[in-house]
Amino acid sequence: MTGDVDGDRPGDEDDRSPEEPATDGGTDHPAESPIAEHARPAGGDAPETGLAGPTPEDRPHPTGRRDEHGVRKEPDHGPEPTRRATVSALVEDEPGVLARAAGLFRRRQFNIESLTVGPTTVEGHSRITLVVEETEAGIEQAKKQLAKLTPVIAVGELSEDAVAAELVLLKVRGEEPDKVHAITSMYDGQTLDAGPRTITVQITGDENTIDDAIDAFDQFGIIEIARTGQTALERGDSPTTPGEEPGHSAGSTDDDEFTNYDD
Amino acid sequence: MSEPATPDAASPEGGDAEGRTDDEQERPEAADGTDTAEEEAAAREEAATRAPGSGAEAVVAALEAAGVETAFGVQGGAIMPVYDALSASTVDHVTMAHEQGAVHAADAYGIVRGDPGVCMATSGPGATNLVTGIADASMDSDAMLALTGQVPSDMVGSDAFQETDTVGVTAPITKHNYFASDSDEVGSTVGEAFALANTGRPGPTLVDLPKDVTFGETDRPVGEPTAPDRAVPDLEADEEQVEAAARAIQDAERPLCLFGGGVIKGDATEQARAFAREFEIPVVTTMPGIGSFPEDDDLCLSWAGMHGTGYANMAITHTDCLIAVGTRFDDRLTGGVDTFAPEAEVVHVDIDPAEISKNVHADYPVVGDAATVLDQLDAAIGYGDAPDTESWRAQCDEWRERYPMDYAIDPDEPVKPQFVVEAFDAAMDDDAYVTTGVGQHQMWAAQYWTYREPRTFVSSHGLGTMGYGLPGAIGARVAADDDREVISFEGDGSFLMTIQELSVAVREDLDITVVVLNNEYIGMVRQWQDAFFEGNHMASQYDWMPEFDTLAEAFGAKGFRIDEYDDVEDVVEAALAYDGPSVVDAHIDPEENVYPMVASGAANGQFALAEDQL
Chain A
1 MTGDVDGDRP GDEDDRSPEE PATDGGTDHP AESPIAEHAR PAGGDAPETG LAGPTPEDRP
61 HPTGRRDEHG VRKEPDHGPE PTRRATVSAL VEDEPGVLAR AAGLFRRRQF NIESLTVGPT
121 TVEGHSRITL VVEETEAGIE QAKKQLAKLT PVIAVGELSE DAVAAELVLL KVRGEEPDKV
181 HAITSMYDGQ TLDAGPRTIT VQITGDENTI DDAIDAFDQF GIIEIARTGQ TALERGDSPT
241 TPGEEPGHSA GSTDDDEFTN YDD
Chain B
1 MSEPATPDAA SPEGGDAEGR TDDEQERPEA ADGTDTAEEE AAAREEAATR APGSGAEAVV
61 AALEAAGVET AFGVQGGAIM PVYDALSAST VDHVTMAHEQ GAVHAADAYG IVRGDPGVCM
121 ATSGPGATNL VTGIADASMD SDAMLALTGQ VPSDMVGSDA FQETDTVGVT APITKHNYFA
181 SDSDEVGSTV GEAFALANTG RPGPTLVDLP KDVTFGETDR PVGEPTAPDR AVPDLEADEE
241 QVEAAARAIQ DAERPLCLFG GGVIKGDATE QARAFAREFE IPVVTTMPGI GSFPEDDDLC
301 LSWAGMHGTG YANMAITHTD CLIAVGTRFD DRLTGGVDTF APEAEVVHVD IDPAEISKNV
361 HADYPVVGDA ATVLDQLDAA IGYGDAPDTE SWRAQCDEWR ERYPMDYAID PDEPVKPQFV
421 VEAFDAAMDD DAYVTTGVGQ HQMWAAQYWT YREPRTFVSS HGLGTMGYGL PGAIGARVAA
481 DDDREVISFE GDGSFLMTIQ ELSVAVREDL DITVVVLNNE YIGMVRQWQD AFFEGNHMAS
541 QYDWMPEFDT LAEAFGAKGF RIDEYDDVED VVEAALAYDG PSVVDAHIDP EENVYPMVAS
601 GAANGQFALA EDQL
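Listed in order, the protein sequences are those of chains A and B. Counted the way UniProt numbering counts, the first sequence spans residues 1 to 263. Counted the way UniProt numbering counts, the second sequence spans residues 1 to 614.
Hint data in this document are derived by calculation from the structure and do not stem from the laboratory. Just to be clear, a hint being listed does not mean it is correct.
Said to hold, decoys possible - Which residues of chain A face chain B? A partial, calculated answer using Cβ under 7 Å:
| id | residue |
| --- | --- |
| 1 | His-29 |
| 2 | Pro-30 |
| 3 | Ala-31 |
| 4 | Ala-36 |
| 5 | His-61 |
| 6 | Gln-145 |
What the hints assert, rightly or not - Calculated lysine to any residue pairs in the SDA-like style (CA-CA distance at most 20 Å, straight line):
| id | chain 1 | residue 1 | chain 2 | residue 2 |
| --- | --- | --- | --- | --- |
| 7 | A | Lys-148 | B | Glu-236 |
| 8 | B | Lys-558 | B | Glu-573 |
| 9 | A | Lys-143 | B | Lys-558 |
Cβ coordinates follow ideal geometry from the N, Cα and C atoms, glycine included.
Just chain B, with the same shape it has in the complex (with noise of 0.2 Å):
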């Protein structure tokens, strides 16, 4: 397929040459006709306006005033009379088994909804449980909303039962953090916490409610959920800033498009497309963009970085204009930076200034917002001053066929990983929602599924959080409208780490699929002891493993089971038919190790594609 790059390719519908439109991938609300948009907004009208008659009453009209649907937590002692105000809220809350489990749920259901989730915990160890959660939110930038119980205040420092310094704790895990310390103003501080979630750069807020608080008289209004006018950033970029950008791409021979996650939470989807198809230039994505554009789509050289396909790094090796959106230059995704897109002259775009030039210098720094830079780009670069791409887009299409993706299997040898992946992928629909947990299985789900629509790949990305794969679907789950498909890829390591929110999926009926692929090794820790430790197995390989569809069964969930690839088309068909969720535990090649792989620090050009290589 080759685009001409006519206006009519950067207009919605001269999109996607599969019929696979991605301009309708807003929230589906909207479609749902204004008498409900209208509903909402007078619920939402009402909550902010009416006279609570506690602190805790104040937390919740808070959360309806903000169109909150769904919490996720888990109960407790100091979060109590939260918890007792919601019970006559509309606003649902899904009882975890574990507060991880919690905030790992509101975080994808956030990626999946473009709000932020939001969940709550007690003080204490219910705070401490949230904590790798909202550190995982903060490093990907998800808007989350966390209430969490706070002992009396009268007793704070005290080191009360059940007391955590919470503020303390998470003031370096979340953009920002509030001590809720007068009832009349818990409400509009949970307001406010809500908004600057998702104002300018996404992240983490949390407010932490002192028993005493919430349980204290007030009246007061929540009024709207308001941030900071300070943290609302401008939108537009500086014009001379978008120029000089514009003329550095218009001058490249070897241009390239870096789509971060920054792409996808900016709702920029649209016009990273039509920018990167109107000019043909070639784009590979971060791990958290993938979705951002289409990985069927010729332009696409999938995702660079550590276990990034060869062509996309041999791409960013070989650029010499590098068009970087909404990314944050994570050391996964650069190598070692002395070596990182050596001849580029980086043209970076972030809402958040502390980005530019924070790990790779910007020599075309532009703020703004992703799709409002993106059409002031495309404006100043204008349809005849493109760049001629054409032999650098047939150099990157050699290097697509010169280190190609494909395995070898064996039938009389125990499952690849990649084959059930690409499995499921074939069974499902193309919007289906993938989440994961960390580690090689991660790298497969990465790299062997056909992501085509954004908020379509929900992973842990910068913290690499092992267990956030099934809490992750739950979210999803939740989040997503009923024809959208749920598969969670997980290990056998990760899976051990949130198995208990099994009990939810099966309590709530969530139809979500669950594939294990089992290796009984933590298996990115095997590779590397490989590779980089002498095959010294230490504390990696698991001597016993429970029999994951057996237990799912002992949950209430339905389980399968794969040993060999004839299993696999039979399994998959049926564990997607169930109606409810299932566990797939596919036993795969233990020795089998993800590649490509560039070695920490290592050049991305010098990615290996075999451990004798590294």
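For reference, chain A alone in the conformation it holds in the complex (with noise of 0.2 Å):
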């Protein structure tokens, strides 16, 4: 024994073997039984309620701590800076997968901007493009919960120069046709419908220039407003989910799908 024990507890309890009854028969305390390795005597060195042993206050206690992701740390740490990251996720196209991607956003308290769905050029697959603002843990966090969705393919996270866009329709009032028209030119929108009182336009661009158009349109009066989030793709030969492969309609050249892209 190493310890630096205090010298005041009655060793013959200890030593005692668990085979050897404390006395014959009737026990005078069952303190004294067998069958009860713990038990002491009150009034003996364990405490009438609770337990023996050094106090909180005196007991050493390490100085170092951890952040709330359990990460060491130094303590004047501050709060951790969150990102936006547009999150991938290749599914199968089953009832209930958007809702199993949703409700675990929702159950886990990841933030989500913006959630899009849509068919793949492969049978059977969809996309889901979620734009989420979170910690660089929380993103981690959140890819890998995806990830375990059983109907999940696969998930990527888009890097920065990926491709983004997203579409807005636009009800304005009527008015000032021409100036709408100016505007809605200058986005490369559309005009969708044009009637006496109101006239509804399209613009489709990355989340900046929808949010410019918007605040454009806004000297008109928007009446109505639809977004349909973000959705995206990586530039170039990298597949937006790892392992990704190239979709069926792509592969009427085989080996050479990728030269498509150059058209």
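Both chains come to you apart, so use the hints to assemble them.
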């Protein structure tokens, strides 16, 4: 025994072999019974209530700490920054898959900025594109949890230079059709419906473009608005989710699929 | 006992000085000889290849093809076709009193067997009554298959009688769930769900079975139960991860093994024991990890966390290298994450990458199967390069002496619950199965029973489901070999939640002993009210408790009662001798509290030993 244990405990309790009964027949004190290894007579070294030992204040405690993600840190560490990430998940196109993905994000309290879903060129596969605003650890966790869902085939985070776009439909007041048309042209948009009282236009582009366009149309009075949320693909030959196979319609030239992209 | 770090110590034979070898813990069936095994394989093959007549027969064929021996359930309208088909099956069915009993029994059955337990219920309330137990299985990563009846497909969504969106309700608490929509495919879907439950990190799966699908005709064989390829993880960890973790362990001065439930579920007990012994690294377990390492081994500091031993919590607070295997760092283990193992580099071995760095950052993540990775780590560290742990072990032993689990007893006062637990432990085999409800009694059963074998502590950990103990004991009893004993510790509050299952234990003539540690309180709540709510015992005190021994007799079980210390030894002997279900109503000290205790969010090393330290 190496410890500097207080010497006031009766050692005979500890040294007794479990097989050896303390007394024969009716025991005087149940604490003497061989059936209860940790029982001690009241008034002895075990306290009346609770357990023996140094109090919390009398124990050494390391000064190190961890942050909210369990990372060891310096004591004066500030809140962790968040960033925006676009995550693409290739999924089996089966009922409920979107609900599972959305439910996961709700349940784990990940902040979703947008979520889009649509078929791919592979029959039975869909792509879900999520934009999340999270800490680095939160983004990693979101990707891992998403990958765990059984219908999810692959998950990838898009790089900063990935191509991303969304579509917005804007219904504005029709009092100034010429001006509306001019701004629509400025954003390479299309007029989908024009009536005496309202004009509806469609603008596509990255998120900033859409935000700017909405600001520009605000002067006419926006009546209704519908945004799709961002969808995205990696540039060039990089697959959008790891290990993703080129789609069937790109496979017409077999091994040369990617050359089609140059046309 | 001090074992040298010789290669011999790593072998199963060198393992356990008490002579209770742990190398025979595998499924007892394996020892039955090849004839039985071949017959079973042939039966499974036949079930997988025969042409069923209906969807329901396909469901049953899928269970047979998966080798299911027993299912637990409750009948009802929408599941009737499946039950009808089940009557002609080799699968035994235990009819439970309530669906919650069925799901907990299946859960415990699965824990004991290492194969998914199967439970069945009808649509609507049958399915929703399973929900608590499915959530329980999900939290504890218990492999389980739930089959639920559903209203006919053309009525789904119409709010038909006994209709619930079972797939929707259970989606967040299952590993995956399925809505069967085709009689031809329902059998293979059930097979897939069964296989998936036990693939990689285990968990519950569910198949919702509309009545038209189970009634519908099909002659398509169900095939072998197969999990989707994507769900099958690599067992072996990346060699670079293993090397990095091995270096960290070698460089440690105060290494500590933290064995979680994943060690048991991954059948890695043998490797875990060999690893810790070979390198003489002290061991703490989580609560679900109880039994992964023998608690009477000198290296074992028992379990850490909120009510873990003082020495385990001291060790986890001061280790400089925490070798965590198969644990998800639950808050009841970590206490406040900010003060958790603050000096430790964390090696985290887990089959589920989503657990790595989820709650506690892993400095050395190692993704793989627990048994495989422990072998890899063992090889990577090598005999000559183990860390020198002598002084660290001496420190742990000192903590063990300083923070004893001893309790004071006075023969004229009410019986201490710890005494009752120890008395049953002394009288029962070392490999007995212990199930519990949730609360103070569960903590005493975990603290004062000495666990030596995996799968012997069968409890509700993550979800904390009161009422788990009795149905859990029924499931464990049905799963276990006849020569293994089963005991359930219950609180009075816990027992009342599923007491109706006593009718099942009597009807099935199950030899189980239920010990109610009766303090006429929801004791853990009362303890917290005393500590944190100025003793305001709102809704925690029972003004009236039934006499559980008399109640047991009314059910047809044998009832016993403990009022004082002098009763204990005789009642223990008589209750265990009774061949059938017995209930011991043990009237314990109502004011006894569970210590040590780490307050919610507090530092593990600051565990309280008495209320005034909270």
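Self-check item: Unsatisfied constraints (hint numbers, rising)
Solution: 9
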